[in-house]
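For the record, the sequence lines run as chains A and B. Note that my numbering has the first sequence beginning at 1, numbered continuously upward. Note that my numbering has the second sequence beginning at 1, numbered continuously upward.
No lab work stands behind these hints: they were computed from the structure. Incorrect hints may appear among the rest.
Below, simulated PhoX-like cross-link-like pairs (lysine-lysine); rule was C-alpha separation at most 25 angstroms, straight line [unchecked claim]:
no., chain 1, residue 1, chain 2, residue 2
1, A, Lys97, B, Lys110
2, A, Lys51, A, Lys27
3, B, Lys70, B, Lys51
4, A, Lys62, A, Lys27
5, A, Lys51, A, Lys62
6, B, Lys70, B, Lys57
7, B, Lys70, A, Lys97
8, A, Lys97, A, Lys27
9, A, Lys27, B, Lys36
10, B, Lys36, B, Lys51
11, A, Lys71, A, Lys27
12, B, Lys70, A, Lys44
13, A, Lys97, B, Lys36
14, A, Lys44, B, Lys36
15, A, Lys97, B, Lys51
What follows is a list of derived Cβ distance ranges for each label pair [unchecked claim]:
no., chain 1, residue 1, chain 2, residue 2, range
16, B, Ser26, A, Gln81, 32 to 42 angstroms
17, B, Lys110, A, Glu72, 47 to 57 angstroms
18, A, Gly28, B, Lys57, 42 to 52 angstroms
19, B, Ser30, A, Lys44, 19 to 29 angstroms
20, B, Thr20, A, Arg20, 37 to 47 angstroms
21, A, Arg14, B, Lys59, 43 to 53 angstroms
22, B, Lys56, A, Gly3, 19 to 29 angstroms
23, A, Lys71, B, Gly40, 28 to 38 angstroms
24, B, Ile47, A, Lys71, 30 to 40 angstroms
25, B, Ile47, A, Gln80, 34 to 44 angstroms
Glycine included, C-beta positions come from ideal geometry on N, C-alpha and C.
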Amino acid sequence: NAGVMQNPRHLVRRRGQEARLRCSPMKGHSHVYWYRQLPEEGLKFMVYLQKENIIDESGMPKERFSAEFPKEGPSILRIQQVVRGDSAAYFCASSQKGAGTEAFFGQGTRLTVV
Amino acid sequence: GQQVMQIPQYQHVQEGEDFTTYCNSSTTLSNIQWYKQRPGGHPVFLIQLVKSGEVKKQKRLTFQFGEAKKNSSLHITATQTTDVGTYFCAGSYNQGGKLIFGQGTELSVKP
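The task is simple: from the sequences and hints, build the whole structure.
Laid out in structure tokens, this is it:
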């Protein structure tokens, strides 16, 4: 049973480019969370999705950021027109039944904007 | 807004000493979870507490959930170098809601 898979592990983008981060949840998990972590800081909630639905996107910037979790395929976090301040580690977590059950984290995507 | 505060931010201990990290919320939590993140790694689930006043133990780790379900603590007895990492609490305010993480406590252990 594979864990939460995130790819790529490392992503380098120039300012203005788009970044696409993928997350495949654990088998049987229909709840996905995206978190952002800056060096030496905690995990900041961005968005919570269930299959085909955004449940809570209160932590996601209104502009340039979007997330989806289609019926088939991985969850995608998309950052358009990246800026230096977007450089961070982005972690995805999945759970079977939402908050109140154990969340399993992927190894993260480390985004560097140059 | 909903926020989980965690202290201290850093803790340096000598191997064999005890360690405690505390989490606080201004409003009642539905449940609280604890995670450990090793340097360069990803958060790994340790435990979940649901009931008021709940205490759970895992070997040298003791987890408590306050009576009012607004605070929680993690205590490590006789730290070892393998305990090094950042410990996060994460709370949710309702069933099915998002997990909100505290800022984490980074533990370093001197051999």
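Each hint tested on the structure:
1. Restraint check for A/Lys97 and B/Lys110: not satisfied, since their Cα atoms lie roughly 40 angstroms apart, outside the 25 angstroms limit.
2. Proposed proximity of A/Lys51 and A/Lys27 is supported: the alpha carbons are some 13 angstroms apart, at most 25 angstroms.
3. Only pairs whose Cα atoms come within 25 angstroms are accepted, and B/Lys70 paired with B/Lys51 is accepted, the gap being roughly 11 angstroms.
4. Distance check on the hinted pair: A/Lys62 and A/Lys27 sit about 30 angstroms apart at the alpha-carbon level, beyond 25 angstroms; violated.
5. A distance of roughly 21 angstroms separates the Cα atoms of A/Lys51 and A/Lys62; the hinted pair therefore holds under the 25 angstroms criterion.
6. Pair hint B/Lys70 plus B/Lys57 holds up; C-alpha atoms about 20 angstroms apart against a cutoff of 25 angstroms.
7. Between B/Lys70 and A/Lys97, the direct Cα distance comes to roughly 23 angstroms. Compliance with the 25 angstroms bound is thereby established for this hinted pair.
8. This hinted pair checks out: A/Lys97 and A/Lys27 have alpha carbons roughly 13 angstroms apart, not beyond 25 angstroms.
9. Of the supplied pair hints, the one linking A/Lys27 and B/Lys36 holds, its CA atoms being roughly 23 angstroms apart against a limit of 25 angstroms.
10. Of the supplied pair hints, the one linking B/Lys36 and B/Lys51 holds, its CA atoms being roughly 21 angstroms apart against a limit of 25 angstroms.
11. Between A/Lys71 and A/Lys27, the direct Cα distance comes to roughly 14 angstroms. Compliance with the 25 angstroms bound is thereby established for this hinted pair.
12. The straight-line distance between the Cα atoms of B/Lys70 and A/Lys44 is roughly 20 angstroms, inside the 25 angstroms bound, and the hint therefore holds.
13. Restraint check: the Cα-Cα separation between A/Lys97 and B/Lys36 comes to about 21 angstroms, which is no more than 25 angstroms; the hinted pair holds.
14. At roughly 16 angstroms between alpha-carbon atoms, A/Lys44 and B/Lys36 fall within 25 angstroms of each other, so this suggested pair holds.
15. Simply put, A/Lys97 and B/Lys51 have alpha-carbon atoms about 18 angstroms apart, close enough for the 25 angstroms limit, and the pair holds.
16. Checked against the given bound of 32 to 42 angstroms, the beta carbons of B/Ser26 and A/Gln81, roughly 36 angstroms apart, stay inside it.
17. About 50 angstroms separates the C-beta atoms of B/Lys110 and A/Glu72, a value consistent with the hinted range of 47 to 57 angstroms.
18. Take A/Gly28 and B/Lys57: their Cβ atoms lie about 29 angstroms apart, and the range 42 to 52 angstroms is violated.
19. Look at B/Ser30 against A/Lys44: about 20 angstroms separates their beta carbons, and that is inside 19 to 29 angstroms.
20. For B/Thr20 and A/Arg20, the Cβ-Cβ distance of about 41 angstroms falls inside the hinted range of 37 to 47 angstroms, so the restraint holds.
21. Between A/Arg14 and B/Lys59 the beta carbons are some 48 angstroms apart, a value that agrees with the proposed interval 43 to 53 angstroms.
22. Between B/Lys56 and A/Gly3 the Cβ separation comes to about 24 angstroms, which falls inside the hinted range of 19 to 29 angstroms.
23. A hinted range of 28 to 38 angstroms holds for the C-beta pair A/Lys71 and B/Gly40, which are about 34 angstroms apart.
24. Restraint check, B/Ile47 to A/Lys71: a C-beta distance of roughly 33 angstroms satisfies the suggested window 30 to 40 angstroms.
25. Distance hint check: the CB atoms of B/Ile47 and A/Gln80 are about 38 angstroms apart, consistent with the given range 34 to 44 angstroms.
Hint check: violations occur at hints 1, 4, 18; the rest are consistent with the structure.
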